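**Student:** Using the sequences and the hints given, assemble the complete structure.
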Amino acid sequence: MTSTTKVAHRYNGKRNRLDKPELLAPAGNLEKLKFAVHYGADAVYIGGQKYGLRSNADNFSFEEMKEGVEFAKKYGAKVFVATNIYAHNEDIAGLEEYLRELENAGIAAIIAADPIIIETAQRVAPKLEVHLSTQQSTMNWQAVKFWKDEGLPRVVLAREVSMGEIQEIKEHVDIEIEAFIHGAMCSSYSGRCVLSNHFTDRDSNRGGCCQSCRWKYDIYEDDIQMVGMDADKFTMGSKDLCMLESIPDLIDVGVDSFKIEGRMKSLHYVATVVNAYRQAIDSYMADPENYVLKQEWLDDIQKAANRPLNTGFFYDTPGSEDHIYTPEDKAAPYDFAGVVISYNESTGEAVVQQRNHFKPGQEVEFFGPNGTFFKQVVGEIKDEGGNVLDAARHPLQYIVIKTDGPVKPMDMMRKKVR
Amino acid sequence: MATKPELLIDAASLADMERLIAAGANAFVVGESRYGMRLPGEFDLPMIAEAVKLAHLHDVKVYAAVNNVMDNATVDTLPSYIRGLAQAGVDGIIFGDPAVLMVARIEAPGLKLHWNAEMTSTNYATANYWGRRGATRFILARELNMDQVLDAKANTELEVQVQVHGLTNIYHSKRPLVHNYFDHQAKDQPELSDIPIHGKIEDGLYLVETERPDERYPIYEDANGTHIMSSDDLCMIENLHELMEVNIDSFRIEGLLKSIAYNEAVVRAYRAAIDAYYADPEGYEFNEEWLDSIRELQDPSRELSYGFFYKEQVY
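Top line first, the protein sequences correspond to chains A and B. Residue numbering for the first sequence follows full-length UniProt numbering, starting at 1 and increasing by one per position. Residue numbering for the second sequence follows full-length UniProt numbering, starting at 1 and increasing by one per position.
Read the hints as simulated data drawn from the structure, not as lab findings. Just so you know, these numbers come straight off a predicted model, no measurement behind them. All clues stand as given, with none of them false.
In silico DSS-like cross-links for lysine-lysine, where the CA-CA straight-line distance does not exceed 27 Å: (1) 216/A / 187/B; (2) 50/A / 311/B; (3) 311/B / 216/A; (4) 233/A / 187/B; (5) 200/B / 233/A.
Far from chain A by the CB rule (all over 12 Å, computed), these chain B residues: (6) 12; (7) 89; (8) 238; (9) 277.
Short derived list, chain B residues pointing at chain A, Cβ under 10 Å: (10) 97; (11) 119; (12) 127; (13) 141; (14) 169; (15) 172; (16) 208; (17) 212; (18) 230; (19) 311.
Just so you know, even glycine gets a beta-carbon here, dropped at the ideal spot from N, CA and C.
**Tutor:** Structure, rendered in structure tokens:
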């Protein structure tokens, strides 16, 4: 068990954090895992072939898990596996073997909601830590204490708790607290929604969620539609969470792990979001008194965002401005265009693997971990054989491009789309 | 001869309780919205004591709903509330949050505990987990099919409670979604800000999804947030024998959003079916009149359905 937050009291009564919180990132596949770790995640969470809540995601085999664990180890990072379904009777068979395989693969922790999965893991795979999933919608210190007494080192709180409630929980119970700080949110209490079951016979609590909360509805009273036909329709759909501007508050109330949502999100999204939070956390911890939020971190987040952002329940109960009633503007203003494979210092040329169409004359940005960043206009591009190309149009093709500054392998290139 | 299953319903008032007892109910869920969820009426501690007195006169049980998603402020008042429930003489409390279990262990060690985590109470192994920690009853999620229900009964020592009639909750948010939506609309249609819209349960609001024009999903707000309910009413009376054959311990009727006359008719019908079965299990035959008596009072816009009992769900 890792130690929980160490805090000291300053003269003004504010708590002063002595150790850094963990930055925990989603990884939908092995490549995303590597980039999340490379861009600064202290831990990543992934899904296996069973017991996870993203049945549509590109989930990991045990072999891929082992490779991911080895890669993460080089950076001192950990790999967690989400086993967060609410099991039905028939799901229990095979659970013991699955959990033992996770332990053998070097997984550090599982994230579980169903107590039978928790108890089975404790019995058959004792080296796996068990973290209580947000699917339990844990809102109070007494419930957190229950899970601590049951031997759990960490609880992921409900997304409905406020800053003050988190602080109260930390004051009552010495346990690691993990909180979602960025990404899409269930607008219901997590786990307390079976809209998918009713609309499409897909079991939301076993990974079948079809996001019915983001559909459009009319609202009636006694056969009378309550708003005009042309008015925005009713929806439960929420804006996405973004707590980048509140890092000092989160650290101050004692959140131990900052969790980014999004096992279904793109490589570009994961790298960009991790990069911004990594810099903010490091900057605050280096000098809390003189910490200043940098506009470029916020700008970067916006380059990957595909929904408007808000602060969820941390400061207040969400109001009308926290939902998405008008048609969603889904496209992020930047597209992922390529990954740097190598760089030749003497020629100033990089080999970039194509991830999206780009061509000479387009404005692009190169970025890497720790905020390295520059903009340039794409000049001449060539294939590996030295043939000049009018555009990079083949997925995964290696393209030679002259860069305005030095780049490193795993740096990324994004292009402006509007 | 096996013992008859309990016939359990909620009640909005003591007067409703009397009518439902006369109709054949032999257990009730009551409570107050600070601690319980989606209740048709508020019963504070003195009223719960009255309800217990009334019920016990008729050999009827009273269970207190303490199944809310609890925040810190509520948890701080739980010890005195649970002591109050024990003193009122309730026959059990219904919980979902482990905080309630923690407090009940200390404040009311003899009190029976019914585990109900709504849609997440999905398997017997987890029910048995809560059983080892003090729960005495397993209240099944309504999203299970018949095989899973029968399997659950066969694999637990806990009492098993199954909902057999009425609507179910399909979505619960802490957000005031109805208020938020009308606030948004009022920005474009200022006349809407003059209409007093509270989204309260008695306002009778419902949602219609664009692709499903015939389905009406009731929606309301209270202190616990926004609740969306099923568009159909579960009705298992034709197939009740499948559940009686395995001696399910408690049949739950959900009375929320229904008139007392409707709930009376439903209780009478299920009472007749249960009594007929246990009088002569071998010769039991379903009587169509039982279902007709419910159909007569059924809202025509709401289908009577088998819920998920005979459905296959994918994921």
